[in-house]
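K.L.:
Given next are the chains, with one letter for each unit.
Number of protein chains: 4
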Amino acid sequence: MTARVVVLGTGRIGSMHAELLARQVPGAELAGVFDVTDSAAAIGAALGVPVAISLEDALAIDADAVAICTSTDTHVDVMIAAARAGRAIFCEKPVSLDLAQVDRGLAVIEAAGVPLQVGFNRRFDPSHRAVAHAVAGGEVGDVHICSITSRDPAPPPIAYIAVSGGIFCDMTIHDFDMARYVTGSEVVQVYATGAVRVDPAIGEAGDVDTAVVVLTHENGAITTIDNSRQAVYGYDQRVEAFGSAGMASSQNFLEANVTVATAGGVATPPLQNFFLERYTRSYLDQWAAFVDLVEGRAPSPVTGADGRAPLVIGLAAWKSVREGRPVRCDEIT
Amino acid sequence: MTARVVVLGTGRIGSMHAELLARQVPGAELAGVFDVTDSAAAIGAALGVPVAISLEDALAIDADAVAICTSTDTHVDVMIAAARAGRAIFCEKPVSLDLAQVDRGLAVIEAAGVPLQVGFNRRFDPSHRAVAHAVAGGEVGDVHICSITSRDPAPPPIAYIAVSGGIFCDMTIHDFDMARYVTGSEVVQVYATGAVRVDPAIGEAGDVDTAVVVLTHENGAITTIDNSRQAVYGYDQRVEAFGSAGMASSQNFLEANVTVATAGGVATPPLQNFFLERYTRSYLDQWAAFVDLVEGRAPSPVTGADGRAPLVIGLAAWKSVREGRPVRCDEIT
Amino acid sequence: MTARVVVLGTGRIGSMHAELLARQVPGAELAGVFDVTDSAAAIGAALGVPVAISLEDALAIDADAVAICTSTDTHVDVMIAAARAGRAIFCEKPVSLDLAQVDRGLAVIEAAGVPLQVGFNRRFDPSHRAVAHAVAGGEVGDVHICSITSRDPAPPPIAYIAVSGGIFCDMTIHDFDMARYVTGSEVVQVYATGAVRVDPAIGEAGDVDTAVVVLTHENGAITTIDNSRQAVYGYDQRVEAFGSAGMASSQNFLEANVTVATAGGVATPPLQNFFLERYTRSYLDQWAAFVDLVEGRAPSPVTGADGRAPLVIGLAAWKSVREGRPVRCDEIT
Amino acid sequence: MTARVVVLGTGRIGSMHAELLARQVPGAELAGVFDVTDSAAAIGAALGVPVAISLEDALAIDADAVAICTSTDTHVDVMIAAARAGRAIFCEKPVSLDLAQVDRGLAVIEAAGVPLQVGFNRRFDPSHRAVAHAVAGGEVGDVHICSITSRDPAPPPIAYIAVSGGIFCDMTIHDFDMARYVTGSEVVQVYATGAVRVDPAIGEAGDVDTAVVVLTHENGAITTIDNSRQAVYGYDQRVEAFGSAGMASSQNFLEANVTVATAGGVATPPLQNFFLERYTRSYLDQWAAFVDLVEGRAPSPVTGADGRAPLVIGLAAWKSVREGRPVRCDEIT
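Chains as they are written, first to last, in our numbering: chain A, 350 to 682; chain Z, 350 to 682; chain C, 350 to 682; chain H, 350 to 682.
Source of the hints: derived by calculation from the structure; they are not laboratory data. Mixed in with the good hints, there may be bad ones.
Computed footprint of chain A on chain C; a stretch qualifies when at least three of its residues, placed anywhere within it, have a C-beta under 8 Å from a C-beta of chain A [said to hold, decoys possible]:
1) 479 to 487
2) 598 to 611
Cut-off 20 Å, straight-line C-alpha distance, at most; resulting in silico cross-link-like pairs (SDA-like, lysine to any residue) [what the hints assert, rightly or not]:
3) H/Lys668 x C/Gly673
4) Z/Lys668 x A/Gly673
5) A/Lys668 x Z/Arg674
Note that the structure is a prediction, hence the values are computed from the model and not measured. We put the CB at the ideal spot given by N, CA and C, even for glycine.
Please model the complete structure; the sequences and the hints are all you need to start from.
P.N.:
Written as structure tokens, this is what we have:
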């Protein structure tokens, strides 16, 4: 059996997924590609697969599943069309920036009974996953404090930021997912603070580029998250779970594992630059899990509820920043 | 020239200081010891120095300076008596738990014109100091985020906790000092949250044992601090300064620098257990700086203002926990 | 332009190369496969390329180059046939176990004027390469000592060992290449000692499984190499160059970059298990260099002379073990 | 009970021992000092102990033990005098450069029945000791390969080198001891090679400054040692034991445990510079063990036989270099 997947949306992340599915995911096959721009044509040609000329056309391709990598504001409509076409669905994060839209989409998926996996790929990073497994396996005991550092090497284009939902719904949303994943507990309260330190244009776009968030979980754990849009030394991605029996923590990888010691000290190369290097393995394992889901061998590792919860936290974070106070998640409706 | 120092208070920290001054601090000499309990007698005998029978008696010893290591509630009165006796003053942290008392003491010291150094020893830890120096030297650029992890291996006795001023004025106060030291900027706002996770008796004593604090600095930097009274893997002391040009961070030392790799993985020993191991070097360098201060070779590295500011932050942190909101430092008077 | 490559020999390493060339090497294309066994059929089908039924047939495929991954004893004959067919040649290590055969092959290649690259992939590992570049860039100064640790996780089948040329010509030959590559200097003398510690059957096959070798280089550098066929904690691959100005050293990668600290100490996962994980990057970069060579954009990074020299060292190592004395390389003819 | 120790010889190492015994060794007391030069006077005054004017005078001081830190060529005579005076003996390494002298000394000590501990302090380094304990505890299984890197930050004065016995009897002798200590097995064969790379004056003094040694142990383990008189990045001291069940290895300490990550990479401070920093703990633990020996609470951790064996290996190493071949230890008589 092979899971045949049509990739919808062939921008930066969609074209990466298309290439992985075509070449490097055992048990998967790229069945076609589609984009509202011309970008799909070249990718389809390079990978030797059909290029759909419309969403309907794409959903008419003989396939088991779709990977929704279109712009965020179209996710829910595409998801609904795919569900009605009976396709298993992989949807990039965030599902939507609008909670009502998310709920609308999830309701249709539930009614259609098709499998859904949301693209929180970092759960599949071997290092972060090992932190979560250490917690789940009891090695850390009860989690008291979870600390997440998540910093990009450089900010995205301002045009992207303007439609991104802001740092909390675009970037920190990965960390909100990670906090839930690692602690195994829902978030009940959010305190967030942010600043514009990297680029004033980010502030002019209504966003912040530097942020600190404190989450209170249902089980009493406290999570701290710090974000920056610009870590000049590379992509800084660390997760730490501290508890009654110990601490598990994931670290970064360097570009090469080498040290040079001289009279002036010891030097190593910078961190791996960005997600394509750091998270390659996670993308492959994410697809392996999706193949298992499509083939009915395993439940969804990142459900619709897992897609919804971080959005609630992100909206609460924005409310916290605006109002200068901690905000309960049940204030977001 | 030798700086002759009388140690006042010979409990755990005072007896350590007495021994260091007697044996391991170049340019210093232990001139005598005093305690309201019997503990001074044995220490004086072991180190071969006079044992005073009263504070007056202790201040009558021919000496240049005193080290105030008595219980916190007596610091200010002892400080005032020593200042009036013309002694240079080293005072353990916190100067007092009462801001009015601190101000009363500092006023007398200023009037007397005697040197004062407050015992925030972690500034002298070579690893943390290197972080501060990297910031001061511009290697980190403008500081955007400062992260401090500070966890004890085991909680102190409940009786101690009851008079300690609580976690923020007793334990986190070191981290408040570190935040000011590393960022070089005053704190203007405090958001604190805490929980009782380690021992219910700590909660019954009115304290928390697990805490997360977010500080906003005058220069826009944001500091996160996380504390626990019990890290079973050892004394966990890390400081990280992240900024526009890079990141400097201090790590822990292991008991021994050894790894054992087997089929099951790679193992190393636990962290150094507690402050006597981890901060030995800092105590020696703290005394070296005090000798320089007493001899007039250098200004105080930790002034009265440096002693006062963290107390304000600590009081603001408690107010933040009680009221469930961020508190400005200027609300504390 | 695309470099079209036919893979000759589709055993473990050949099938890996075929897959990389078909899917992951920019500028390369897999043009066909061939093996004397049935193994080529499945691989050709999976990758969608022609399956040759004989060497002649394989050399008749329209292609720019061949990758020689057949059994070692056939390398030279295949190489000569490919050279005469005008193909650029990639040849797996060792070129041959017989020095006269190597010379015969290299003479034909030189006469034919076709490009040749020998498969010492570890030169392309980013970590080891960074050591060599630090030396070449002067960061280490004059190299005084080079230390190479190279240990496999588990021994190969005894049947393989019996035809492998023994540890020095099969396994250590990579390290001999590394020593030349890192120091940039030829080897003039070899002292080798070996033992059977892992499996008596290896000894019965006339080989050793544990070895230490000391090389003296033309420029005065001394290299130490230690090998084992079985490191239970994983594939242990480290290179260190020590010199007048400093030291550069490459370290291993762990399976995941995670630590778990508990009261018993700090634990991390094992090393990456074997070459497919550790050296993936090196294989890709090796192919990128070969594409550049085929396209005439760069000279061979691993020439015929680079293929010959380590064999001489390997033969000298065996002679050293047999005779219990250091052996000069010019004793091997 | 207090172990009263007279320090004989107050050069660099003797004065360090005197200070440690006077101030930092629980259960020990410095009973007096002696040197053939004037150096003892200042040290005795500073530490407040009697200064002997002759060896006889020193042995007349009421004491339990002596620490022999005189020049190597006098060790045996001093040792014999001390044994006859009934003193427990701590003797710095090497016991002598002349095997017959060693045997003469050990015979007298045995006849006198006084305790003897030889100054191989590195056995007491917590990191190296942890390697030895991992081996002794079976965590490494049977040891197959032991690797020791031992490099000084800078060469000693040429005048010192001239009387030192050369690198193998002066510097490598520590590593020979370490090899026996870690593997728990005697050395049966030595292959050594050396070069003058650091300073031609060292060669003119008949010594080498760069060396590699291969030891074969009775139990089949092979040890490699590499030495340099000049590692510009600091004192490089590492021990690794590799075996059937795993690997234990000790690493260096940095001057401070700090990293600075910038766009150019990650930097840390140099290694601890030399033995006074790196091996402080080992000296203290060495004295603690000697106190236990003097008080009859424990056997000698470094016996006369442990003092003799590394000298045999050192002499064999020199013979190996001169004759260009491996030398059996039983060739040294």
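K.L.:
Determine for every hint whether it applies to the structure shown.
P.N.:
Evaluation of the provided hints:
| no. | hint | result |
| --- | --- | --- |
| 1 | 479 to 487 | holds (count 3) |
| 2 | 598 to 611 | holds (count 13) |
| 3 | H/Lys668 x C/Gly673 | holds (16 Å) |
| 4 | Z/Lys668 x A/Gly673 | holds (16 Å) |
| 5 | A/Lys668 x Z/Arg674 | holds (14 Å) |
Violated hints for the displayed structure: none, as all numbered hints are satisfied.
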